[in-house]
Amino acid sequence: MTSMLRFRQSLKDIAIKAKWNPAVCHCSMRNQLMCSYQPNRHQLTSMLTRQLFTSTRTYSAENNSDEEKKEFDTDAPLPMRNRIIVVSIVVTGFGILYYLLQQKKENERITQRDQQVSQVDIGAGDYNLVDNTGKRVSKKDFLGKWLLLYFGFTHCPDICPEELEKMAEIIDLVDADKSVPDLLPMFLTVDPERDTPEAINTYVKEFHPKFVGLTGTKQEIKEATKAFRVYFSAGPKDEDNDYIVDHTIVMYLMNPKGNFVDYYGSRSVPTEKIVSGIKKNMKNYKRLHG
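In terms of the working numbering, the sequence shown opens at residue 6 and continues consecutively.
Derived from the structure by calculation, the hints contain no laboratory data.
For clarity, every value in this text was computed on a predicted model and none was experimentally measured.
It is possible that some hints are incorrect.
Stated by the list, open to error - Calculated pairs, DSS-like style, for lysine-lysine (alpha carbon to alpha carbon, straight line, at most 30 angstroms):
| id | residue 1 | residue 2 |
| --- | --- | --- |
| 1 | Lys145 | Lys285 |
| 2 | Lys223 | Lys109 |
| 3 | Lys210 | Lys183 |
| 4 | Lys223 | Lys242 |
| 5 | Lys242 | Lys210 |
| 6 | Lys109 | Lys210 |
| 7 | Lys215 | Lys183 |
| 8 | Lys242 | Lys145 |
| 9 | Lys278 | Lys171 |
| 10 | Lys171 | Lys223 |
| 11 | Lys223 | Lys210 |
| 12 | Lys288 | Lys109 |
| 13 | Lys171 | Lys183 |
| 14 | Lys285 | Lys262 |
| 15 | Lys288 | Lys210 |
| 16 | Lys227 | Lys109 |
| 17 | Lys215 | Lys227 |
| 18 | Lys231 | Lys183 |
| 19 | Lys288 | Lys183 |
| 20 | Lys150 | Lys285 |
| 21 | Lys223 | Lys145 |
| 22 | Lys231 | Lys145 |
| 23 | Lys109 | Lys145 |
| 24 | Lys242 | Lys150 |
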């Protein structure tokens with residue numbers, strides 16, 4: 006009621022200021038606003054509108070709760086909690102977008118490299134050899150497995166034993182990580198004349214029980230080394246009929262499809278770095294092929 010009385014009083018005040026008396030004017034409301042008692046109808050209309058708006062806003066403020074008043078106050082700043090929520094949403098959104106873009110970029114890089122290495126013909130051809138148990142094997146017998154290959158010979162005085170010990174350590178470190186597949190080590194001889202299946206079996210098992218040794222005829226070894234681009238050459242024999250075989254010192258990483266993935270040829274490369282590279286290649290392969 007108080008608000009209504011104020012509203013009426015406001016109308017009366019406006020009329021007095023405008024020298025307009027509704028009691029003595031019998032015109033309709035529209036005509037009253039236009040009658041001769043109004044010296045300036047534009048001024049009166051403006052005053053009436055302003056007063057009406059003020060009275061209405063006062064009435065709304067008196068009848069609304071404090072929370073509703075805050076809602077009407079559009080100039081009031083957001084509470085700190087709401088600001089934090091808004092900022093968190095924006096930052097999270099940008100973070101997700103950045104992550105997705107980075108993932109897309111990384112997938113494209115991995116796919117490109119996978120296509121490049123698949124075109125490398127290292128180990129691409131088939132081979133027919135004899136394993137350390139005397140069984141005939143070919144490339145297809147090892148498909149579905151990750152392989153780490155090394156070419157050497159059992160009479161090697163120093164380099165081969167060092168590399169095979171390093172391979173054994175690599176195998177243990179990779180197999181200990183259950184987030185990646187197991188790795189199968191393979192020793193392929195470049196000295197078929199002396200390295201029989203029995204000799205190879207005794208030799209490789211000294212380094213690791215998982216080792217698979219491969220041998221064959223001179224022609225079969227020649228074809229296998231050619232497929233992997235491995236050089237070897239037997240030196241002259243001494244008076245004890247002993248000789249050294251010069252050969253490429255390299256480890257090859259082959260994926261389950263039988264394709265070349267990477268090689269580790271420098272003896273100075275730390276074991277941990279090789280292990281890290283192998284596991285990275287394994288994870289990248291899984292991202293692309295499942």
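Hints and how they fare:
no. : hint            : verdict
1   : Lys145 / Lys285 : 25 angstroms, holds
2   : Lys223 / Lys109 : 48 angstroms, violated
3   : Lys210 / Lys183 : 24 angstroms, holds
4   : Lys223 / Lys242 : 17 angstroms, holds
5   : Lys242 / Lys210 : 27 angstroms, holds
6   : Lys109 / Lys210 : 44 angstroms, violated
7   : Lys215 / Lys183 : 17 angstroms, holds
8   : Lys242 / Lys145 : 37 angstroms, violated
9   : Lys278 / Lys171 : 12 angstroms, holds
10  : Lys171 / Lys223 : 28 angstroms, holds
11  : Lys223 / Lys210 : 23 angstroms, holds
12  : Lys288 / Lys109 : 16 angstroms, holds
13  : Lys171 / Lys183 : 20 angstroms, holds
14  : Lys285 / Lys262 : 17 angstroms, holds
15  : Lys288 / Lys210 : 29 angstroms, holds
16  : Lys227 / Lys109 : 43 angstroms, violated
17  : Lys215 / Lys227 : 25 angstroms, holds
18  : Lys231 / Lys183 : 35 angstroms, violated
19  : Lys288 / Lys183 : 12 angstroms, holds
20  : Lys150 / Lys285 : 16 angstroms, holds
21  : Lys223 / Lys145 : 21 angstroms, holds
22  : Lys231 / Lys145 : 18 angstroms, holds
23  : Lys109 / Lys145 : 33 angstroms, violated
24  : Lys242 / Lys150 : 38 angstroms, violated
Hints 2, 6, 8, 16, 18, 23, 24 from the list above are not met by this structure, while the remaining hints are.
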